[in-house]
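Since the structure of chain X is provided, determine the placement of chain Y on it from the hints.
The listed protein sequences derive, respectively, from chains X and Y.
114 is the number of the first residue of the first sequence in the numbering used here; add one for each residue after it.
114 is the number of the first residue of the second sequence in the numbering used here; add one for each residue after it.
Don't take every hint at face value.
For identical chains, the list gives no copy identity; a pair is met inside one copy or between any two copies.
Said to hold, decoys possible - Pairs of lysine-lysine residues, derived as DSBU-like cross-links and limited to a Cα-Cα distance of at most 30 Å, are as follows: (1) Lys310 <-> Lys123; (2) Lys189 <-> Lys310; (3) Lys189 <-> Lys123.
Hints listed in this document are in silico derivations from the structure and should not be mistaken for laboratory results.
Being a predicted model, the structure only gives us computed values, none of them experimental.
There are 2 protein chains.
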Amino acid sequence: MTLTFTPLPKIPLIHTGDDLTDIILNSLQAAKVTLEDGDILVLAQKIVSKAEGRLVNLGSVTPSKEAIELATRSEKDPRLVELILQESRSVLRVRQGTIIVEHRLGFVCANAGIDHSNVQPGETKGVSKNFASDAEDWVLLLPENPDRSALAIRRKIKIATGNRIGVMIIDSHGRAWRLGTIGMAIGLSGLPGLVDKRGWQDLFGYRLKITIVAAADELAAAASLVMGEAAEGTPAVHIRGFPYPLREGSLKELIRPTAQDLFR
Amino acid sequence: MTLTFTPLPKIPLIHTGDDLTDIILNSLQAAKVTLEDGDILVLAQKIVSKAEGRLVNLGSVTPSKEAIELATRSEKDPRLVELILQESRSVLRVRQGTIIVEHRLGFVCANAGIDHSNVQPGETKGVSKNFASDAEDWVLLLPENPDRSALAIRRKIKIATGNRIGVMIIDSHGRAWRLGTIGMAIGLSGLPGLVDKRGWQDLFGYRLKITIVAAADELAAAASLVMGEAAEGTPAVHIRGFPYPLREGSLKELIRPTAQDLFR
Chain X
114 MTLTFTPLPK
124 IPLIHTGDDL
134 TDIILNSLQA
144 AKVTLEDGDI
154 LVLAQKIVSK
164 AEGRLVNLGS
174 VTPSKEAIEL
184 ATRSEKDPRL
194 VELILQESRS
204 VLRVRQGTII
214 VEHRLGFVCA
224 NAGIDHSNVQ
234 PGETKGVSKN
244 FASDAEDWVL
254 LLPENPDRSA
264 LAIRRKIKIA
274 TGNRIGVMII
284 DSHGRAWRLG
294 TIGMAIGLSG
304 LPGLVDKRGW
314 QDLFGYRLKI
324 TIVAAADELA
334 AAASLVMGEA
344 AEGTPAVHIR
354 GFPYPLREGS
364 LKELIRPTAQ
374 DLFR
Chain Y
114 MTLTFTPLPK
124 IPLIHTGDDL
134 TDIILNSLQA
144 AKVTLEDGDI
154 LVLAQKIVSK
164 AEGRLVNLGS
174 VTPSKEAIEL
184 ATRSEKDPRL
194 VELILQESRS
204 VLRVRQGTII
214 VEHRLGFVCA
224 NAGIDHSNVQ
234 PGETKGVSKN
244 FASDAEDWVL
254 LLPENPDRSA
264 LAIRRKIKIA
274 TGNRIGVMII
284 DSHGRAWRLG
294 TIGMAIGLSG
304 LPGLVDKRGW
314 QDLFGYRLKI
324 TIVAAADELA
334 AAASLVMGEA
344 AEGTPAVHIR
354 GFPYPLREGS
364 LKELIRPTAQ
374 DLFR
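Next comes chain X alone, as it looks inside the complex:
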């Protein structure tokens, strides 16, 4: 069966409080896609974060002593570093322009996934602003609980359409050892993070050895590719043909426990 990734058209600029489910259902209609059980919807972190009001103006942030010190080492804005620290469990590596952290959500990423691009003042409607600021000062944090965000959208879609689908929220992450970013799951609901094929047999009846597949991340990667990340502005993707059964799932499945991690 063919696995398809269809970017969804006509997603408007998202503001705090927008109902992403309504917006996606309209977009599916515009794309002439009728949802089916087993489909998966993938949303870029940015639109989920914006809908949830995760914008912060740097003018409202007072950097701690630790943030100021780290800002010097990384040559970053101390206020941004303060937010990075607030969003992280620990700092793994520091170099110019980049602080690699273990995010409070468990995954390792650069700068706690805090994004400076694709934020403009018009989008901050509804965000309280009791400080002096200008457009460039807005940054966007990751959703507070992306699994929960995915679940909420999945439930609303179930109510609206009756379909049992999976919903995933993704972001672009760098990697150890390899260049370039790829899309990875940061939250999911209704699809497996991992597919465990241990005990499955190969063509000759031997048992497979290393066979826990990061299925959600494999979907996230290609979904990210069709989203693009610049002015194309297609932050939602419809997937059909996922070759495994849907089930409950969670980001936690994909996080390697620190004790098993040889590369920290």
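For chain Y alone, coordinates are given in the frame of chain X:
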């Protein structure tokens, strides 16, 4: 535009010396897929390695002193460890059952990508055997030069069909920090490894910051998902709808130089 991944049916068991291009063209016909310029074909490492005779019987391997020592630490067969060392530039980490190496091709992976599954004696037709052995003793090395393998197939397809396509060879790799394997490019020809979007502007005219996308790996991930890795046996995938122009490309683009790698 929808990005599609179609597993190719009716790929037979591959033996040393088989012409993969012929086999894939037959499979495309069986799948009723007519190639178009811009399409990409993805092959599992296993079938390329088998066609190239990269099978080794452990009975033919004499482990070095270093291999014997490492075999004790990793609880692996010293002869297999000898092959892992021969295929690697350096050993990064060792734990029970797993030796993480920098492969001679440049990427970091477990056990130098040497695979024990999906190899059976019937497949070793044409491989010289001047030693006592049994079926279980066969292992499969990665292709000697996967970029070159991909190029050769791409050229033959150009001659046979006239189409300008990309060809990629992939394998499943584990990752730092995250659980589960995902498909990654280990060789490519005729498509970009990375797509560099630095200088592109976001929706509001800001320049994007971190925007070098590992496009080949994003394709490899989803291709791996539709291949499956067990008895399904669909080691080739047709991709249509890649959203960037094809160009010459190489695995080297995707390898992070050691000096820039914070996690070794």
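Status of each hint after checking the structure:
| no. | hint | verdict |
| --- | --- | --- |
| 1 | Lys310 <-> Lys123 | between (39 Å within a copy, 23 Å between copies) |
| 2 | Lys189 <-> Lys310 | between (44 Å within a copy, 22 Å between copies) |
| 3 | Lys189 <-> Lys123 | neither (35 Å within a copy, 55 Å between copies) |
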